[in-house]
Every structure is written in structure tokens, then in C-alpha cells.
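Dock chain to chain to rebuild the complex, using the hints, since each chain is given by itself in its own frame.
For the record, the sequence lines run as chains A and B. The first sequence begins at 0 in numbering that gives the first Met the number 0 and counts up one residue at a time. The second sequence begins at 0 in numbering that gives the first Met the number 0 and counts up one residue at a time.
By construction, these hints were calculated from the structure, which means they are not laboratory data. Treat the numbers as computed from the prediction; the structure is a model and nothing was measured. Wrong hints could be hidden among the right ones.
Mimicking DSSO-like on lysine-lysine, the simulated pairs with C-alpha atoms at most 27 angstroms apart in a straight line are [claimed, not checked]:
#1 B:K61 with A:K74
#2 B:K61 with A:K250
#3 B:K61 with A:K248
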Amino acid sequence: MDTKRGILLLMVFATLFLLVGCPSAPSPTPMPTATPTTPPKPFRVAVVMPSAINDLAFSQSMYDALVAIQNKMGKDKFEFAYSDGMFVVDDAAAAIRDYATKGYDLVIAHGSQYGSSLVEIAPDFPNTSFAWGTTVDTFTDKGINNVFAYEARSEQGGYVLGVIAAKLSKSGVIGVIGPIETGDAKLYVDGFRAGVLATNPDAQVNVNWTGSFSDVALASEAAQTHINAGADTLTGTAQMVVGAIGVAKEKGVLWFGTQSDQASLAPNIVVACQVYDWTVVLDEMINLIKGGTRGGKAFAITLANKGLTIKYNPGYTVPDDVKSLASETIQGIVDGSISVKVE
Amino acid sequence: MIAQLFSLTTLIGVLTAGIRLATPYLYATIGETLGQRSGLVNLGVDGIMLMGAYAAFFVTFKTGNLVLGLLVATMVGGLLGLVMAFFSVTLRAEQGITGIGVYLFGLGMSNLLFRKTLGTVETVSGFPPIHIPFLSDIPVLGPIFFSHNILVYGAFALVPVSWFLLNKTTLGLKIRAVGDNPKAADSLGVSVAGVRYFTEIVGGMLEGIAGASLSIALLNVFQENLTSGMGFIAVALVYFGGWRSVGALAGAILFSMVNALQLWLQVIGIRIPPDFAIMMPYVLTIVVLAFTAQRVRAPAALSKPFERGEG
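So here's chain B without its partners, still in its complex pose (with noise of 0.2 angstroms):
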């Protein structure tokens, strides 16, 4: 048995396993990442990724158009973003609970919209897996890292791609300046709201794009909450990743090998209470948060409203 756990089989299994599930955490924590670097605290990332998956399910099964249903999900979290945006920064409301509206407003019309429209489960094929000439023959790492379909290589590729717009353009420099001290940016001519409207757009287009990534990619079916609250999962991600795009990935994979490897040791016969291995992914990521807590200090300005001339 524990031979077994240590075979090729199981290695390959975890590891290709917890690059396709940490695929909707990467996109939802690098878009919550964005907007929290700039000031902003969106617990509403479940509600939006719920109505990206449907909005994303319902055109692809009505017009067999995978592309166009990307599309639309990143449309509609986007305009999720910016409703977080306009209760958030034009009407300085607590962002806390805004996010949790937002929330309940995505479950509940996902599964509304859901119920008026297809009416039970149905199925739709989503986007199929891509073989890479040689890269996806390599035996081991072949399987591992080249046998994924596009959201998967997308979610991967996103993370150089944030890291380097907040790190080495003008506008990352705005987003963490306005997140870290708003009114010496407001001072210098920087547009705090215009900068967090942005990233609360952008966050929203990407977080839509993860409930994509469920419904038209990985599972190719939408049910009643379908994510599960993987949204506030990625919000717990963000902290553990430390605000940085390299974090988020670190802590997306981290979560989904450990959930992977959970149902590999029951399948193997490991007698481990199935109750304590589902608690696995869950307890080590508060480990590790707790560890991680005091090394990396959070926005300074991180869900605090931004008012010109205020204290």
C-alpha cells in the first residue's frame, strides 16, 4: 500500500490532478490579488464566479460557442467588478459587506437563472484538452504538464503576466501605490478611484473567467452552486500568497495537490478516516497562513475607503 503510494501512477496522478483543480483558484486569487493590491477586499468572488460558470454554460449550450461563452463570463464578472467598484469607491460603503451581497446576489441568480433557463443539469462539450506535438509524448511530464486544455495553460500563464504588471509598469506602480497609501497618490495626480475601478474590473473579468474555467472547461456541466465556495477559498489564497502572483500560485497548488492526494490515499486503501483527509487541504493551508501572517505585511490601505481630505 505504501508502495503504492509512492509509484509513477500516483505521482502522476497527484501532480496532473493539482494542476487542473488549482486552474479557477489561479484565475480567482490573481484577480482578487489585483484588487486587494490596490486597496480593495471583494468577498463577493463566489457569487461572480457562479455567474460566469452559468453565463458561460448557458451560450456555450445554446450556441455550441466555446469562445463566445468565455467571452460572455468575463463580460459578466467584469460588470460584477464594476457594481463591487461603484458600492465600494464611489459609495465608500463597507467593503465586507458589499462582497457578501455580491455574493448572495451571484448564487442566487446563478441559480435562478439557471432553474428559468435550462431546467435540470445538462451536459455541453467544453474545451477539449490540447496535445502538443513531442512536449505532450515525454512520458511523466508529458501527462503532468502538457495533457490540459487552454484555460489550464491560460491560468498558468497569468501569473508571469500579473506579476509583471504589478512589478515593472506604471500602472502596477499606481495600483500599489493607491493601495498602500492612497492619499500620497491622490496627491501626486494619481486617480485613486479610477485605479480601483480597474483592478475591481479587471479582478471581476478574471474571477468570471475561473467559474469559466469550471463550467466550459473542467467539469462541462453547471448545477446550483457549483463552486462551492471555492471563491472564498481564493479569497483565503491571496493572504497566503502574500499579495504576489508567484504566492497565488504557490498557495493554488499547494491546496489542490493536497485535496488531490486526499482522494488518492482513500482510493488506495490508506485507512485514514475519509473525514480527516477532506480536512487535509483545508487544516494545511491554515497552517501555513498562520506561518505566512507575519512575514508579509498587507496593503497598508487594504478595505479602507479613499475620501480626498479625510483625517
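Same shape as in the complex, but just chain A (with noise of 0.2 angstroms):
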């Protein structure tokens, strides 16, 4: 190859990725331009999370939490930036670095596999705080106390979502379309099963994990499956569940849906979602930050404090006396006189 065509190949390669733009490389989005403020100067956060902000689950829900304390607090005395898409952990881990090294009050790291990114980079920098989520974790044992640690007891949710699917289903067969068997996913499961079989126990809760949060064609077919294995209604969890959701939404079977609200995407067959709000969870470590205490502790969302709550679909219309029996359970558990237990 002659050297003009070389160096003509390099120019179109470098046109080429300056048009792509790197969408995963850590380039933190600032969302509200700093406007001119005058002291006290504003409380700046960071999230770095796995999939897109928009992805009616795990990302959107914590998106949509700063959204909201932005809205309560005000744009001059709350910023924040994100970095969504990085599924690949080395980035991720030059984006929480990247954070911290501009002197952010708090970066968060959101998803379990950053854990081991933020032992490393979290002693680098003791003056900032760290959250990390969704895990119990908080590395004190390790000698570090700048990180939070926080995670979703997503099990009361599928709970209370499995006493209603249990109630709603006609053929008494369900299906759940699961990621990966960890984490909250896992615990969402174990608790939507709980709560069928203690509503109906001749119930027959079908599982299949598609071992990824993100194929959404292997979702799509997971619930063909469960459909044609007589199930009349579906759950599942993870961004990967808009594809299953297509085809309830084709084939008429009803969908409960966690993290986030996904009645949008199938107004007609959507009963109800758990959502994640983690306004309760981060309000508090802000507080703490500000109060001077940087990390050490461990936050979780419960049906308790309302960081998870039980949100119907209008256009969806649940018996009353389903709705009454959903009722009293979220007060059982948020009582403790219904336990929810995971394997």
C-alpha cells in the first residue's frame, strides 16, 4: 500500500470515529450548564451507570431519582452529571476516577459490577464520597469509609406483585422471564414466587434466565415460550424485558413490570410495576455528606421507607378486591407480620 492511500485511509478513520463519538467512552454529560452562582456553591453529583438512562429499568430509575431531587432542590443548589452505557467495567471505572479527579461531592457507581473498580479508586480519594449500588457492601472492612453502599429489596415488591398475579391469573400457570440469577433480579424472582405460591399454592411459577440483562430477542422468545407452555401472565426484570413485553402485549397476556413504570410500553396489558425511587436513599446520604460523614453506611429502598412503591396502570383495571388484598399485604410486610423470604 503506497503512502497517500495510507495516510487517506487514516483521515477517513479518524472521521470516522470522531462521527461515532464514542458513546461509551467516559464522557460525562453535564446537565445543567453551571450557571453563574454565587456561595454557597451547589452539591455536584456524579452516576455512572450500566445501560441507557432511558431504559425503563435499572438505569432510568436512579436517572429519574436526581431528576427529581434537581426539581426539589433547584438547579443552582443541585448539578449533576452521568455517563450511561458503560457496560464495559474498565470504563466505567476511568469515568468514576475521571468524577472524582473533578472534585464531585458524590460519585456514584450504579451497578454491582463496579464493585471491585471502587476499591481501588475510592482510598485515592478520601475527601470524596462514593455510593455504590445495589449491594449491602460498604468495604468497611477493608479500611475504607467514603463509600455507601445501597441496594432494593426488590422481593417485597415481587411479592406483593405475585399475590396480585396469582389472583388475576385464569390458567394458574406464570412465567418470569429473569437476567442473570444475581442480585436484585434474583431477589425480585424469589419474592414475586413467594407471593404466588402463598396466594395459590397449586400455582406453577415457570423461570427461565436468559443469562443477559440486555437480549432482547431472547426475552422476546422467553415469553413465547412461557406462553406456549400456558402461561397468561408474565414478569420479568432487567432492560431486556421490553422485547417479552412486545409479545404479551401481541399475544393478550398480562405483564407486571419492575424498576421503573413500563405501562407506555402496553397500556392495555400492563397491571402494574414496581418502581425504584431512590430519592429516599440518596436525600440521606446527601445529608450525611453535607453533616460531614463520607461513607460506611448501608441504604436500602423498601416498601417502608416508599423507596419502592406499587404503581397500577389506569388503564388497567384491577378488582377491587385484589387491590384491597395487594393493600394489606405492602401493610404486612412494611409491619413485618408477612416476612418475605428469598433462597
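Structure below.
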């Protein structure tokens, strides 16, 4: 290959990469442009998350919470930046370090896969607070005291949705589409199954795991499989479930969602969703940081602290007796008379 | 449980799902086969599929016109095929690297456009299943073979069509000649570059349709990285199928059916660890690949740029 051609090739490649704009590179997207503010300076939060902020699932739940806090506190008092789509852990680690260097008050690693990166980064920035979820591990046993942990007790809402599902299912066969048997996905599936079986011991709960959080095609096929096996009610978790909701909509079977409100995808068949609201946890963290505590505490969103809520789809009418049973179940979990056991 | 495995419901379920799942792989694998028969390796299949999936979805979402969506996806695919050909044929760039460039471009660009133009996950009503009188009503065979949408049938029709093109036409002869011995083909007046441009553009179009078959026929949604690596499986299936249309069909069906089977095994409650079940289709593909590798011969000039008077 002659030199001229080589140079041309290089140039075209450079243009190509510029065009792509490396969406997965740690390019912090400053949400509000910092308007020249008078002191006190705003509280600054940065978050790194594995999927897109509009995934109708895990990452969106965190993004929505940050927007809510910003609306509550005001743009002059609260700023946040995010990097989403960071499914490559190395990229995420670079972004976390980047944010810490830039002096953010709180850097959130929103994904259980980011833990080992945080162990290495957090000690280098003793004046920065970090948060890691979903987990209960704050690394205090490793001598690190500037990491908060947070998790979602998704088995609680899963149990409530399971109770409703058991009441609404006519065939008694209920399909669950799980991603990877770990974290809040496992908690949710275990809780859901327990809720169904507590309400209708004869019901059959079929679970299949796709081995991926993002494989939409496989999630869709998993839903088809459940329906062919007699299921008339489905649920599932992770951002891949949009594929399964599509199938549920086409075949007219009921859908129960978790993490975010998914009713917009299929207004006729989504019954209810367990919605994550991280604001309760973030509010507490922010208060602690302002008071000088940088980490060492684990938080959870639960039905009791309203970090988890059951949101009914207004487009689907749930019979009153089922709704009141669901309310009693929520009350029971909150006051401890019902304990949700997970395997 | 074991009895349930061999029940009619399971059988129909696995076969139907296998045929449905095979659709995107078939378009992409046959597209890539065309290119490879002429001596071009394109690792950018997944990126082209993503751009096709996005284009089809966006156009359908905005206009409600499925045919227009499919057409635009085909054009976008063809355009990326042209880009790929420009790098590999005209600039004689290293094809593996170029392909990865096209993949990253498709992945990033489809995601960027998705965010800027749609913002969130939306749905469309895709191509509906076609009910064929009599055929669709046959017990067992009806649901397995005649309950699908037009793109599924198109994928299967592509197998004999591409076989005919490659083996029974002058153009097919030229494609194979260029892939096996470009020097000889060139000396006989065949335009090596012309043929390679042709296969890469048509291949790109088919890969665009592969993406469309996901976003407006099978799943009817678009999400970032919708294909999750299907394009790379398609490239593997080209080797698996021994660079033949029928081989591509066998590979796509086998891979899809084992995938469908593992979902069924879990639902029936046969307690094999899910991680193992998920591995099955991939492991099987590698095993078969290992056996077929010795049997078939790759196009001799595969991935080698052609320059007149060289070597």
C-alpha cells in the first residue's frame, strides 16, 4: 500500500471515529450548564451506570431520582452529571476516577459489577464520597470509609405483584423472565414466586433465565416459550424485558413490571409495576455528606420507606378485592407480619 | 418432566421458535456468505444490522409504513456495504480492522440516533403473521411452518435464491472466481473490484434487512444494542455453513433451535443450571465448527486485497 493511500485511509478512519463520538467513552454529560452562581456552591453528584438513562429499568430509576432531587432542591443548589451505557467495567472505572478528580461531592457507581473498581479508586480520593449499588457492602472491613452502599429490597414489591398475579391468572401458570440469577433480579424473582405460591399454592411458576441483561430477542423468545407452556401472566426484570412486553401485548397476556413504570409500552396489558425511587436513599446520603460523614453506611429502598412503590396502570382495571388484598399485603410487609423469604 | 419434554406442545414450541429465531441469522449469514465468496470478510455485520434495525424502526414509527421502513433499512445496509467495499477494495485496507470500525460505527451511531430521535423505548406494530388458507390450519405443521410473518418466509426463500445465484448464473461464477483466484478472473476480463463492490453492497442490504426483521417484525421495539452480537454469530455461521446457502440454513436453524430448546428446558423445570443451558447453543456451534473446518475449504483469496500485477 502506498503512502498516499495510507494517509487517506487514516484520515477517513479518524473522521469515522469522530462521527461515532465514542458514546461509551467516559464523556461526562453535564446536565445543567453551570450557571454562574453565588456561593454556597451547589452539591455536585456524578453517576456511572451500565445501560441507558431511558431503559425503562435499572438505569432510568437512578436518573429519574436525580432529576427529582434537582427539581426539589433547585438547579442552583444541586447539579448532576452522568455517564450511561457503561457496560464495559474498565470504561466505567475510568469515568468514576474522572469524576472523583473533578471534585464531585458524591460519585455513584450504579451497578454491582463496579464494586472491585471502587475498592481501588475510593482510597485515592478520601475527600470524595462514593456510593455503590446494588449491594450491602460498604468496604469498611477493607478500611475504606468513604463508600455508601445501597440496594433495593425488590423481593418486597415482587411478593406483592406475585399476590396480584396469582389472583388474576386464570390458567394458574405464570411465567418469569429473569436475566442473570444475581442481585436484585434474583431477589425480585424469589419474592414474586413466594407471593404467587402464598396466594395460590397450586399455581405453577415457571422461571427462565436468559443469561443477559440486554438480549431483547432472547427475552422475547422466553416470553413466547412461557405462553406456549400455558402461562397467561408474565413478569420479568432488566432492560431486555421490552422484548417480552411486546410479545405479551401481541398475545394479550398480563404483564407485571419492576424497576420502572412500563405501562407506556403496553397500556392494555400492564397490570402494575414495582417502581424504584432512589430519592429517599440519596436524600439521606446527601444530608450525611453535608454533615461530614462520607460513607460506611448501607441503605435500602423498601416498601416501608416508600423507596419501593406499587404503581397500578390506570389503563387496566384491577378488581377492588384484589387491590385491597394487595394493600393488606403491603401493610403486612411494612409492619413485619409478612416476611418475604428468599432462597 | 421428561415426558413433558417430548410432548407435542414442546416440540411445536421448539420448532416454531427455532424457525422464528433463525430469521435474522439467515439474512445476515447469507449476506456475509455472498461477500466472503468473493473474497471479502466483513466483521461489521452487527453494526450494519443495528443501523438497519434503527432505520426500519424509526421510519415505521414516524410513518406507520412498514414497507417504507424495510426499504430504508435495505438502503442504509447497502450504503454501509458500500463503505465497507470502499475501504476493503479501493483502499485495500485490512478487512478485519475495517469491519470492526464499521461495527463500532453502527453500534455508536444507532444508539446516538435512538437517543436523539426517540429518546425512550417505543413500540410499533410490525409485520403481522400471515394466515395461509389450509396450510396454516394443518395440525402441528401449520403452527410450525405457516404461522409467521412475511420476513420469516423471505429469509427462507433467500436460501434457494442465493444458491441459484451462486451456482447457476454467470454472475455467481464470477463471484466464486473472484473469491478463489482473482488474478485468473482479472486476466479473463472480470472486474474484481466491480464484483466485490456488488457482493458487499447486496450483502449489506441483506444485513440491513436482518436488522429490520428484528425491529419491525419479530420484536417491534428498538433499544440500544438491540442485536446483542447476533452479527458476530452470523459471521461464525458462514464458516459453519461452509460458505454455502444450505449450510447457512442448517447452521441458523441448529443454533436457533438449541437456543429455543434451552428456554424450554428451564420452563419445564429440568434442573440443569441456567448458565449451562445458555452456553449450549454456543458450545454446539463451536463443536460443529471444529468438525466442519476440515471438510470445507474457504475461498482461497478470502480477506486478501487484490492488486493487479502483484505477487
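Checked hints:
With a C-alpha separation of about 34 angstroms, the suggested pairing of K61 (chain B) with K74 (chain A) is violated against the 27 angstroms cut-off. Between K61 (chain B) and K250 (chain A) the alpha-carbon distance is near 24 angstroms, which keeps this suggested pair within the 27 angstroms criterion. At most 27 angstroms may separate the alpha-carbon atoms for a hinted pair to count; K61 (chain B) and K248 (chain A) meet this at roughly 20 angstroms.
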